[in-house]
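Asks: Chains L and Y, in that order, are what the protein sequence lines are. Be aware that the first sequence starts at 1, since it is given in this note's numbering, and climbs by one per residue. Be aware that the second sequence starts at 270, since it is given in this note's numbering, and climbs by one per residue.
FYI, nobody ran anything at the bench for these hints, they're computed from the structure. Hints may be right or wrong, so weigh each one.
[As the list claims (entries may be wrong)] Only part of the chain Y face toward chain L is listed, based on derived beta-carbon distances under 10 angstroms: (1) R292; (2) Q293; (3) P295; (4) H365; (5) P366; (6) E477; (7) T485; (8) L499; (9) P500; (10) H502.
[Claimed, not checked] Over the 10 angstroms line for every Cβ pair with chain Y, so calculated as not near, a few chain L residues: (11) P26; (12) I92; (13) T174.
This structure is a prediction, so every number in the text was calculated from the model and none was measured. Quick reminder that beta carbons are idealized off the backbone N, C-alpha and C, glycines included.
2 protein chains.
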Amino acid sequence: MQQPIAILDSGVGGLTVAKEVMRQLPREKIIYFGDTARTPYGPRPAQEVIRFTQEIVDYLLKFSPKMIVIACNTATAFALETIRSRVSIPVIGVVHPGARAAINRTQSGYIGVIGTEGTVNSGAYEQALKQLSPHVDVVSVACPRFVPLVERGNFRSEETYNTVNESLAGLRSTRIDTLILGCTHYPFLAETISDVMGGQIALISSAEETARDISTILHDKGKLARGDLLPVHQFCCSGDPQMFKMIAQQWLNEQIELTPIVWQVPHIG
Amino acid sequence: MQQPIAILDSGVGGLTVAKEVMRQLPREKIIYFGDTARTPYGPRPAQEVIRFTQEIVDYLLKFSPKMIVIACNTATAFALETIRSRVSIPVIGVVHPGARAAINRTQSGYIGVIGTEGTVNSGAYEQALKQLSPHVDVVSVACPRFVPLVERGNFRSEETYNTVNESLAGLRSTRIDTLILGCTHYPFLAETISDVMGGQIALISSAEETARDISTILHDKGKLARGDLLPVHQFCCSGDPQMFKMIAQQWLNEQIELTPIVWQVPHIG
Numbered sequence: 001m002q003q004p005i006a007i008l009d010s011g012v013g014g015l016t017v018a019k020e021v022m023r024q025l026p027r028e029k030i031i032y033f034g035d036t037a038r039t040p041y042g043p044r045p046a047q048e049v050i051r052f053t054q055e056i057v058d059y060l061l062k063f064s065p066k067m068i069v070i071a072c073n074t075a076t077a078f079a080l081e082t083i084r085s086r087v088s089i090p091v092i093g094v095v096h097p098g099a100r101a102a103i104n105r106t107q108s109g110y111i112g113v114i115g116t117e118g119t120v121n122s123g124a125y126e127q128a129l130k131q132l133s134p135h136v137d138v139v140s141v142a143c144p145r146f147v148p149l150v151e152r153g154n155f156r157s158e159e160t161y162n163t164v165n166e167s168l169a170g171l172r173s174t175r176i177d178t179l180i181l182g183c184t185h186y187p188f189l190a191e192t193i194s195d196v197m198g199g200q201i202a203l204i205s206s207a208e209e210t211a212r213d214i215s216t217i218l219h220d221k222g223k224l225a226r227g228d229l230l231p232v233h234q235f236c237c238s239g240d241p242q243m244f245k246m247i248a249q250q251w252l253n254e255q256i257e258l259t260p261i262v263w264q265v266p267h268i269g
Numbered sequence: 270m271q272q273p274i275a276i277l278d279s280g281v282g283g284l285t286v287a288k289e290v291m292r293q294l295p296r297e298k299i300i301y302f303g304d305t306a307r308t309p310y311g312p313r314p315a316q317e318v319i320r321f322t323q324e325i326v327d328y329l330l331k332f333s334p335k336m337i338v339i340a341c342n343t344a345t346a347f348a349l350e351t352i353r354s355r356v357s358i359p360v361i362g363v364v365h366p367g368a369r370a371a372i373n374r375t376q377s378g379y380i381g382v383i384g385t386e387g388t389v390n391s392g393a394y395e396q397a398l399k400q401l402s403p404h405v406d407v408v409s410v411a412c413p414r415f416v417p418l419v420e421r422g423n424f425r426s427e428e429t430y431n432t433v434n435e436s437l438a439g440l441r442s443t444r445i446d447t448l449i450l451g452c453t454h455y456p457f458l459a460e461t462i463s464d465v466m467g468g469q470i471a472l473i474s475s476a477e478e479t480a481r482d483i484s485t486i487l488h489d490k491g492k493l494a495r496g497d498l499l500p501v502h503q504f505c506c507s508g509d510p511q512m513f514k515m516i517a518q519q520w521l522n523e524q525i526e527l528t529p530i531v532w533q534v535p536h537i538g
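Hey, can you work out the whole structure from these sequences and the hints?
Replies: In structure tokens form, the structure reads like this:
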């Protein structure tokens, strides 16, 4: 039986990673968990995010995944090392892939990061970027109003434009040439962010880059799927299944089945 | 003492990988080996390329590297699996990073590959691309005249333009939107290749992408360098040191020291 890649997020944001895995690694089977009952994670204390992440990982391990992807920047910032120390399969987060891609892309050495309060206050991107290269300058801005917009499916309205425009005003006067979308929800808003920032700023989707890193690590470990049958993915969420299904089908551009199994998770909801 | 990353190539081509490692991972120390006495590898039989690669790896292991990078597409195509099975540290080649990046980049699903006869005839890129995604179409063209141009330092002459123009004529009528420079020598010719193919074709440098994968794998293994001192790199070549030094200093834009140790390698030269 094919071992899936387990992808978890605070809600629908990790679907941006799932979509990229489907595109870049169409042979791979995905088991997805969106903790929509407890989204957003951004404003929560670190210990709570670690506990929630651990609960979801415990649940996903029952599916015998070959890798765990923490497709949430806040959970990556707070819980990646804890989860890594507790499980024996590879665990990757979304911070380092985005950081690597930004360093690959920037010419000026000035890199912007937008994320939740939790991610920005943790300094995770700045640390990852500086660990890779001492030469870069980093400007970080928390955008706490973005995730609730995305979780309501509100991607392209006037309200969205105004929120993005106000949130990014301070970034437009900086010397950045590269902007990391440091939250997996933000690719849903990429067109609006690009409109606001201008086309000359390279947007780095941590989702796209994480899918690439998944490919690199599975190849390094000889664990890439080899089957010719296209896999059937599984999706779980802890909150309202109708809203999750609506957003997921719109974003992935295909029908999905939500498994009822999610409602049996202890401590969730 | 800081463990270096060992990078090997048939000649100066792997310097494109070294340069990207210096840019993307400036804390990492490099030990480089260019087998300039025996370049090009492209027309050689597989068994010979495997033997040469093994000899260089045996030599480089004396420097206690933390990773071996086969920065030569021909050697990757023929020798990667052999080397992987023989050493206990991570070994990465340049084929899969380029393949991954191309799949990430293409919109049309039509991908071009240019490389040496050895690389193209091995089918290594087609295999790597199809392993990742059954949906892509691949067009491969061998360009045996490119490596000798680069090894002579001839990057931008009329002879170079004419050679590139003739070699890529067949590719211009295809539907590719992405072209993999499937030889680490080719980034030296990137401007000419771009002039010939037109700016709408995305060029994938396996060098740049390999540096990124080095970063991913070292991070996954907790092996990224943490020192604050910038490292001093070491370069070795088996052939004419003057030509190697001239090309290396021009490409890397810094002075390099060639270590005399290279002349003691058994079986080389």
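Asks: If any of the earlier hints don't hold here, list their numbers in rising order.
Replies: 9, 10, 11 and 12
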